[in-house]
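Read off the chains here:
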Amino acid sequence: MLKIKCPWCGERDQSEFSYGGEAHIVRPAEPDELGDEQWGDYLFFRTNTKGLHREQWVHSGGCRRWFNAVRDTVSYRFHGVYRHGEEGPGKDEPGSPS
Amino acid sequence: MTGTVEKRAVLAAFDDEEQLVDEHAGVALIEHPFQGYLNLRLDPANDVLGGAVANVLGVALPAVPNRTAQGDGVVVYWLGPDEWLLRTPSEDDMTVFGALSGALGDHWHALTDISGGMTHIAVGGEAAAAVLAQGVTIDLHPKVFPAGHCAQTVMARSNVLIAPTGDAGNAFDVFVRRSFADHVLTFLRDAAHDVGYRFSRKAL
Ligand SMILES: [Zn+2]
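Which chain is which? The protein sequence lines are A and B, in order. The C-terminal position of the first sequence is numbered 158 in the working numbering, with every residue numbered one higher than the one before it. The C-terminal position of the second sequence is numbered 230 in the working numbering, with every residue numbered one higher than the one before it.
The hints are simulated quantities; they were obtained by calculation from the structure and are not laboratory data. Among these hints, one or two may not hold up.
Said to hold, decoys possible - Listed below are the simulated BS3-like cross-link pairs for lysine-lysine, each with C-alpha atoms no more than 27 angstroms apart in a straight line:
(1) A:Lys65 to B:Lys169
(2) B:Lys169 to A:Lys63
(3) A:Lys65 to A:Lys110
As the list claims (entries may be wrong) - A few chain A positions that, by computed beta-carbon distances, are all more than 12 angstroms from chain B:
(4) Asp92
(5) Gly100
(6) Thr109
To be verified - Output of the computed footprint for chain A on chain B, the stretches with three or more beta carbons under 8 angstroms from beta carbons of chain A:
(7) 100 to 108
(8) 194 to 206
Just so it is clear, CB atoms sit at the ideal spot from N, CA and C, and this is done for glycine as well.
Chain A with its partners taken away, still in its complex shape (with noise of 0.2 angstroms):
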């Protein structure tokens, strides 16, 4: 069983919380631009990382806020967590958001 830690409530069980994906995808701002490859990549296309994953999740049980994590996804350990619009632990570690 994991914990958690939300930015807002502190250590929770993993029951409360729902998994959100891969984070710091940004969509596209000229959607009408893209072909349909592009537009594939954007929509269903992820890194599927082995090691450090930066992803999101919500407080889904609590808070309901979502946050991103960075989760070692071999060991399941998670390395930090972080709200949105903030940097983040380990900023040059892998899976860091270019």
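Fit chain B with the ligand to the given chain A structure using the hints.
Below, chain B with the ligand alone, put in the same frame as chain A:
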């Protein structure tokens, strides 16, 4: 044809159910019906709004997550960094709603009357924490969860708001959406089976 419709408490269906009372009854489950609930959302960085609200409520909106504040005839619960629950004694009394609407005016905010959308079960008695703990994963011990704190969490797979009402670890307020209320009460009765319980309703 017109007639009056009698108000029915959310958990009225349980009134005739058998009570599991003995001399050691560990918990009292008491529904407090027909209270007023307002959901308030605004930008916490806006001091003008914060000041206006504090004027009306007689207390500042708690800025620290998962804290409550006692105002004039209203209890405030932190729900999110820009969201609070306000509880007033009666859903029919729109005084606080009107005063807040007036004070916030055209400023960017959302004030929603959600009375009737939830109910309040007070869980009290020496086994209160032990009964609740069967359904939640948060620590209910008064050392980490004293009066003045509150927590939104999941109890028996239902979203609830829990707030201790004393520092002895034997009295908690549980707020639950009305459509989950009979499930939650059923769970609490089941969880209290070993210690005994009594279900009642606070008279108006
Ligand atoms: Zn939270």
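Verification of the hints:
Distance check on the hinted pair: A:Lys65 and B:Lys169 sit about 20 angstroms apart at the alpha-carbon level, within 27 angstroms; holds. For the hint linking B:Lys169 to A:Lys63, the alpha-carbon distance of about 20 angstroms falls within 27 angstroms, and the restraint holds. A distance of roughly 22 angstroms separates the Cα atoms of A:Lys65 and A:Lys110; the hinted pair therefore holds under the 27 angstroms criterion. At roughly 31 angstroms from the closest C-beta of chain B, the C-beta of A:Asp92 stays outside 12 angstroms, upholding its exclusion from the interface.
Residue-level check passed: A:Gly100 sits 35 angstroms from the nearest beta carbon of chain B, beyond 12 angstroms. Here A:Thr109 stays apart from chain B, with its beta-carbon at least about 29 angstroms from theirs, past the 12 angstroms limit. Counting residues of the segment 100 to 108 of chain B whose CB falls under 8 angstroms from any CB of chain A gives 3; the rule of at least 3 is met. Here the segment 194 to 206 of chain B counts 0 residues with a CB under 8 angstroms from a CB of chain A, which misses the bar of 3, and the coverage is violated.
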